[in-house]
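Chains H and R, in that order, are what the protein sequence lines are. Here the first sequence is numbered in this note's numbering, starting from 190 and rising by one per residue. Here the second sequence is numbered in this note's numbering, starting from 6 and rising by one per residue.
Hints listed in this document are in silico derivations from the structure and should not be mistaken for laboratory results. It is possible that some hints are incorrect.
[Stated by the list, open to error] Which residues of chain H face chain R? A partial, calculated answer using Cβ under 10 Å:
no., residue
1, V238
2, D376
3, A443
By construction, the Cβ of each residue, glycine as well, lies at the ideal position given by its N, Cα and C atoms.
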Amino acid sequence: MSFQLVHPSTPAEAVRLLSGSATGDIAVLSGGTDLLLDLDNARLAPKRVLSLRKLPWRYLRWSADSLVIGSTTPLRAVENDGEVRRRLPGLWEAIRDVGSPALRSRATLGGNLGRGSPASDLIPILLALDARVRVVGPGGVRELPVDLLLQGSRRTTLGPAELIESVTLPASAPSTYLWQRVQPVNDISQVGVATAFVPQGPHWRIALGGVQPRARRMSEAEGVLPSARPSHFEVELAAQEAARRAEFVSDKRATESYRRRLVAVLVRRAIQTTLERMSKATPSRKAKR
Amino acid sequence: MTAAPSPELRLLGREIPYIEGPLKVSGRSEYTDDIKRPGMLVGKLLRAPWAHAKLLRVDVTKARAFPGVFAVLTGEKYPTPFGVLPITKDETAIAVDRARYIGDIIAAVAAQDELTAERALALVEIEVELLPEYSDPRVGRTRVDVPIHEKGLNHSNIQKEVVQHFGDVDAAFRDAAATVRVRASFAGVTHAFTEPQCTVAEATPDGRLTVWSSTQVPHYLHRALSEVLRLPMHRIRVVKPEVGGGFGGKSDPLPHEIACAALALETGRPVKILFDRDEVFLTNHGRHPTFNEVRIASTADGQLLGYDIEALIEGGAWSSFGTVTTYYNGVMAMGPYALPSFRYKGQRVFTNRPPSGAMRAHGGTNIRYSVEVGLDELAEKLNLDPFDLRSRNALPPHSTTVNEFRVTSTSFLRCLEAVRERSGWAEKWRRLPYGHGVGLGCGFYISGSNSPIHFTPKMPQCTVHLKADMDGGITVHCMQADIGQGSNTLLAAIVAEVVGVSLDRIHISPVDSDVTPVDIGSYSSRVTFMMGNAARKAAEGLRDRLLDATHQLTGYPRDALRVGVERYEVVHRPDIGATYLEALHQAIQSTGAVQSTGAYISPPVGGTFKGARAGTAPAYSFAAYVAQVAVDDETGVYDVEKVWAAFDCGRPLNRLAVEGQIQGSIHMGLGQFMGESMDYRGTRLMNPSLLDYKIIMPHQMPEVECLLVGEDDPEGPFGAKEAGEGPLVATLPAAANALYDAVGVRFYDLPVTPDRVLKGLDRRRAESRVWKGH
Chain H
190 MSFQLVHPST
200 PAEAVRLLSG
210 SATGDIAVLS
220 GGTDLLLDLD
230 NARLAPKRVL
240 SLRKLPWRYL
250 RWSADSLVIG
260 STTPLRAVEN
270 DGEVRRRLPG
280 LWEAIRDVGS
290 PALRSRATLG
300 GNLGRGSPAS
310 DLIPILLALD
320 ARVRVVGPGG
330 VRELPVDLLL
340 QGSRRTTLGP
350 AELIESVTLP
360 ASAPSTYLWQ
370 RVQPVNDISQ
380 VGVATAFVPQ
390 GPHWRIALGG
400 VQPRARRMSE
410 AEGVLPSARP
420 SHFEVELAAQ
430 EAARRAEFVS
440 DKRATESYRR
450 RLVAVLVRRA
460 IQTTLERMSK
470 ATPSRKAKR
Chain R
6 MTAAPSPELR
16 LLGREIPYIE
26 GPLKVSGRSE
36 YTDDIKRPGM
46 LVGKLLRAPW
56 AHAKLLRVDV
66 TKARAFPGVF
76 AVLTGEKYPT
86 PFGVLPITKD
96 ETAIAVDRAR
106 YIGDIIAAVA
116 AQDELTAERA
126 LALVEIEVEL
136 LPEYSDPRVG
146 RTRVDVPIHE
156 KGLNHSNIQK
166 EVVQHFGDVD
176 AAFRDAAATV
186 RVRASFAGVT
196 HAFTEPQCTV
206 AEATPDGRLT
216 VWSSTQVPHY
226 LHRALSEVLR
236 LPMHRIRVVK
246 PEVGGGFGGK
256 SDPLPHEIAC
266 AALALETGRP
276 VKILFDRDEV
286 FLTNHGRHPT
296 FNEVRIASTA
306 DGQLLGYDIE
316 ALIEGGAWSS
326 FGTVTTYYNG
336 VMAMGPYALP
346 SFRYKGQRVF
356 TNRPPSGAMR
366 AHGGTNIRYS
376 VEVGLDELAE
386 KLNLDPFDLR
396 SRNALPPHST
406 TVNEFRVTST
416 SFLRCLEAVR
426 ERSGWAEKWR
436 RLPYGHGVGL
446 GCGFYISGSN
456 SPIHFTPKMP
466 QCTVHLKADM
476 DGGITVHCMQ
486 ADIGQGSNTL
496 LAAIVAEVVG
506 VSLDRIHISP
516 VDSDVTPVDI
526 GSYSSRVTFM
536 MGNAARKAAE
546 GLRDRLLDAT
556 HQLTGYPRDA
566 LRVGVERYEV
576 VHRPDIGATY
586 LEALHQAIQS
596 TGAVQSTGAY
606 ISPPVGGTFK
616 GARAGTAPAY
626 SFAAYVAQVA
636 VDDETGVYDV
646 EKVWAAFDCG
656 RPLNRLAVEG
666 QIQGSIHMGL
676 GQFMGESMDY
686 RGTRLMNPSL
696 LDYKIIMPHQ
706 MPEVECLLVG
716 EDDPEGPFGA
726 KEAGEGPLVA
736 TLPAAANALY
746 DAVGVRFYDL
756 PVTPDRVLKG
766 LDRRRAESRV
776 WKGH
């Protein structure tokens, strides 16, 4: 295998290089943790590999109501940010258990999102946190919710010359991410469950990964949780609803029946954990009512 | 115990760090892949994509003509079949007329580099006629259309059938007050050693062939090379560099080793074959997928009356050690209890899947699982504590089993006592809250197969040569294969102990058939016992020469002298004596470098009936383990929190190595119990990688407390017995019986995945059976 490695230093140059190449002739390198496997398996055989290394997209920017994470920020940098752990515990939990420390030092948030794996541990929590994605391309900059970016495994709504620049999240939200795997580390989740409570809109967000053709929000289950303080019965109902509504797959990692049971258990536990986190945090006026 | 008391030991019995440790951790050790020879070529193997196919035409013309290719071989040139057992030679270096599993070797190429070799393989043209595929051993037990090997019993795929009956089993079950029956199934598991197989071969113009290989048994490889390549053994030199783990998977001579040597002969250039990880999985030779059934009969007070055992084991495409495995799946149930009757029927059946072979605790693991789970059920039925049931039936020391195994030392009762106390069994068993439990499992294993495979017991199974010269160092020559288990360190420590010198004087010669006398390798947990005895004898010979020299120097008679530290001295006047170097130089004056030899031949033991040798050993190890588990009954996930491991390896000679073996055995045993599985879709292996084949992670490893309570064995070196395989077998049933104590469910299908735990809980609830209030 041989290819030419290019590393543009501005987003405009990157977009120009992408626009000038036929699809399949160029591959984008962020952390490379998926790309290298694809090259190794000859799934891809690009003539050029475009590295995002020199783009100024490695950052975490906090403001009063949001956190913006540059797309080439290594997961390890997000994990090591104490504020992330305090304010967005679900995001921190999802990141902390991806692969291994070595892998997280390479893998990036944008790369994970762009790969769109149905088993991604990050996508469910980004969905639950209503993350928005900033995309640059030949037509300039656009923003869209994560949900509209994703189509399926290796399929996104990104144009051939578009790149993910950053992801915007709320500055804080009681949230939880729980997974089930054969091995606790260096493994792919059989089930991933993200829950979050956000002050605006429908308060409860539940998203599932690992079980369906693509990660998605479970709005039917969310609808069962009308208040900030659902009863045990309502939590159980939501869990059952999530297990009932998800489209499950059976594969080498787990059977459909096992996944269905696990979804019910983990959704309940994730909501309960989020509730505990809400009561530990300074209660907002809304939550009191 | 009648063991001869060992003298006070200076070095043995302590924690002795591996002598090669500094080299290994600094990356200086030489493994086979580190060997580079001038002009060396890369060897690659073309592997069959069909499970069962007749090879009509294998045309390598285009591959041979490809620039950079030096040789392409197919099966015809070296068709002589070989195999680790002389009675079942059915493997070939390269498939001759048929491919028998996905992964079978069809052609071998030697080229200037890897890419060229791969391109050349793609140019091999093959025409095949597909044959019926057999992936289920249950199907292959009767007549099949196309048996995988011609000699299959009655046109079936049965490779070996064993029927044994000792005592009167029917009477035992007729008279029994209680019986239990366990039916279990076990997925195949593989060794997952760190170092992939690698071989380098070089034929030189002097008519000699040198083969470096990652092997556990250089001597059997030596024999197989000689037979297939039709070269006398003395013109072949086999060298074993460092080996990164074997666990039984490198104990057969393997086809690629011979193919590599054949390529070297063909090209006149050195050739290296290094496996990719998927090739390691396809070569397998791991634990047989197994179905077994055990029936146990006892009196009302728990005296065992007999076992009735059946086993069906899946051999995959070749025989390998299979005949031995078929016997072991019965007779490894023989200890650690006294049994008046025993019946066994075992079958090993070929399938078109990667060959099964020997794997740590070979043949004993699955049968012990079923027996020990059965005993837990029996204890419950009889309302007995599982410890009491077992201690009531313990094999006495110096006894003979119903199938005529000679048992000498056993500290099984001490194991039971120690583990019962240390685990807090009395406070825990049936008393921990729901979801938490403890379980007992016990073990028994051979300390070295009594029979060498390739020659009668008249020739030694191990020989050790020592050479001490003017530099004061002692070089030890022996073909024993250190594969990471610490046998080099033990060899050095035994010599240092006996001669009375510091460990740094001992130099272990690399294993090299030109130099090192034959030892039949690292399998059947034989090394400590057999090499240890040979080394002790050799060292005593050297020591005696040094005492003679001391006598010459001091005038005191031999029997008035003793071995000190780097010194030989008069017992009642320790100020009089000679230093080691003084004595050595004195000895050298008369003969030159001092040499000494020691050898080990196993004692004549066992019966005379057909198959009587299977499972005979000069000694046996014993084990009693307690595992403690915690179960999440909603997800089925469970945690093995702690294992208390009481083990009888006689006297442990290197505590560090023994504890390492116990830890590693528990890791491997729990891997098989909790999740490891060779997953097939029909004949295709679906998980040939370390990402998809799930060995347990450090996070899942329990705390292990080793209780080494063995008393000295009368024949073991310094009283020692094996600790390499026996520590594995007790692990699995201890965990299973702990799960039962935790949630009231028995598990008969391995691995016990969380999915299966949930299904087991469903079954219990469906039966409306309450356990600990749940």
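Next item on the list: List in ascending order the numbers of the hints, as given earlier, that are violated by the structure.
Entry: 1
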